[in-house]
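Going by the working numbering, the sequence shown opens with residue 92, and the numbers climb by one from there.
Please keep in mind that the hints were generated in silico from the structure rather than gathered at the bench. Bear in mind the structure is a predicted one, so any value in this text is a computation, not a measurement. Backbone N, C-alpha and C define an ideal beta-carbon position, used for all residues, glycine too.
Distance ranges between label pairs, derived from CB positions:
id	residue 1	residue 2	range
1	251	327	36 to 46 Å
2	802	329	48 to 58 Å
3	318	277	22 to 32 Å
4	581	327	42 to 52 Å
5	398	746	44 to 54 Å
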Amino acid sequence: MENYTTDQRRPPLLADQPVGQLPGFAVLSGAESYHAALAAIAADQVAELPPTAAAQVDIEQAFVNDLFLLAPVGYFVLGLDATILQMNVSGAGLLGVPRVNPERLTLRHFVAPRFLDDFDRFVRAAFNEALPQHCDLQLVRGPDAHQPGVPVRLRACADRSGQALRVQLEPAEGKLAALERSEERFRRIVHCAEEGIWEIDANARTSFVNPKMAQLLGYTIEDMLDQPLVAFMDDEGRAILEHNIASRQRRGGEAERHEFKFLRRDGSELWVTLATNPIFDAGGAYLGALALVSDITDSRASAELIWQQANFDTLTALPNRHMFQDRLGQEVKKARREGTLLALLFIDLDGFKQVNDTLGHGQGDALLVEAARRIVGCVRATDTVARLGGDEFTVILTGLESMNGVERIAQSIVSRLQAPFALQAANPVVSASIGISVFPADAVSPEDLVRNADQAMYAAKQNRRCRYSYFTADLQQAAQARQQVTLDLRVALAHDQLELHYQPIVNLRTGSIERAEALLRWRHPQRGLLAPGDFLPFAESGGLMMEIGDWVFRQAARQARQWQDEIGAGFQVGINQSSAQFRGDAALYAGWLGYAAELGLAPRSLVIEITERVLLDKATQVADRLRELREMGVQVALDNFGTGYSSLAHLKHFGIDLLKLDHSFIQHLASDSGDLAMCEALILMAHRLGLRVVAEGVETVAQRHLLELAGCDFAQGYVYAQPMAAPELTALAQRGLWHELSAGAAAIPRVPG
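All chains, full assembly: derive it from the sequences and hints.
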């Protein structure tokens, strides 16, 4: 009866390893056939390893191979003639020969004579069959074949090269004692190891850690057992780990090496490398993973320090010249790809050398740190501020659609740097000269942008310090014109050249004027009466929007108080508010509330009108500011409704009180038009949400009549009156509108609002 059978179970781990010399196994020397067998094994190893695995095999498998070397069962690699090519410590001990096998003995030499036929059939089957084979027989210890045999079980499968046989040998008797010795040896190795050992189950929960691993994290072993691995990681580490676990289960049994950041019990960071090997059951199902954990916190901190020193200025913590050049190159590529503008500001501090010479380098450094902080405070989080060295700074402004934002930032930097610096020894004052170059108008390469901005900076310094200058002559001329308008606006504020005109808003049910929209005008000494579009963009780039907005509010509040006395107690005045005004100091609104209280004016008498563009401006605190205004009692109207794409989602979120339908819905209004259906739908929706509706741009009696039928609440437009001075609106409201309508007020020519 044959004593060997086919083993249907998963082959032992050794059989799954790449063929070749494993750490801990002795390689025999000898004749050509002997060397040929080893060469075939080595060649198979190279063929089977993936490109990256060959470089990592020693690192990734050293731990596992050492366990094979010390395993309680014998492991052998046999040649075609059953010559022992490699063996581990237990295998050599079972046979009673040195692991180097200098006599090149065959394993058959140690088989009891009555089992030789079984052994031969077992070897042939192992070489010829795809499935692992096993055989029960007796071995004799040493070369004396007459000694009593020791019962053993052999398991074997052919190597991938077909030139060698992998054999596992277990004593059939006394196995428990061997396992106990092995466990004790394993316990000593694991508990004395200077590396952390961490085992997790299929659910990534801790099933085993050694003392070193617990010590690295500051826990006891008991505290860590059954805890999920992610409990010891921050959000970033958890996301990476979960991705890797899912990826590993898809790929199968690949050893991997990763860097992770753990959190110690005291909250400090522990950076480690995890050399992980997945664990599978006999059916190939994933059971978990075993990881060898190495502490790299100190080496990583050193690497980060080196990187920080190579890319950031040690004094100001801003990007240095190296990082600036890299960022500029990347942003130029992005601007070219997306078709947007990019502006480079080259900043030089005027008068810094004098501070350094008179107050000393320590005070000069303190001034540079404060100057860096002020510059950063003038730009967006997405922009880059860098220090090139000395008193030279640069700013990369990205994703621009127009030049207005560039000028506003440049002017803000100039203004902020003009303020005195509070140093220990004195309060010196310096200024800044700024050169500006623009991609793609001035240059298309990073190097040319820097050179042009540098030249523009020197032009600014030579002409007049504390200013900014463009590289391109045309842009510089336009900037000078805008600067002049800004200067003129400051004069206008001081000399009462600004004024408010008002367009009446009519209650469609009663026909009476109950509201008015305040519209800003500038009575320029040379250019005459200017509409907002002629000067407000310059006010924004020149940083005057808050001053103008405050002036408009106070003027409108006084007029609302007067109209409530003359026209009706519920009269309301609408005031337009821009994104730039929402960026201002929230304390301004508290001042408005106090001023309204002084006038005896209820805050709901004033309506802040904003556009959809303001709602979509991510750089402003729109929601917070609107909430503050509504808490004060001020109402909010959404102007030009229907020209954007996200208004419906924002109506409730931002607490809107009134919708003002854009005139584009009204201008083609007819009884059978799609615009009428749209108006009716929008009015119905607004009413369902508790909002009232104002139709803008109503120019004919027919349009007014259709809006009445559609249920619209209010209307404004040239069918009633054009924007006018406050006394004219007072007179119009007191005598009524019917006379104007019959006289053809709709024919009044339009003036931009």
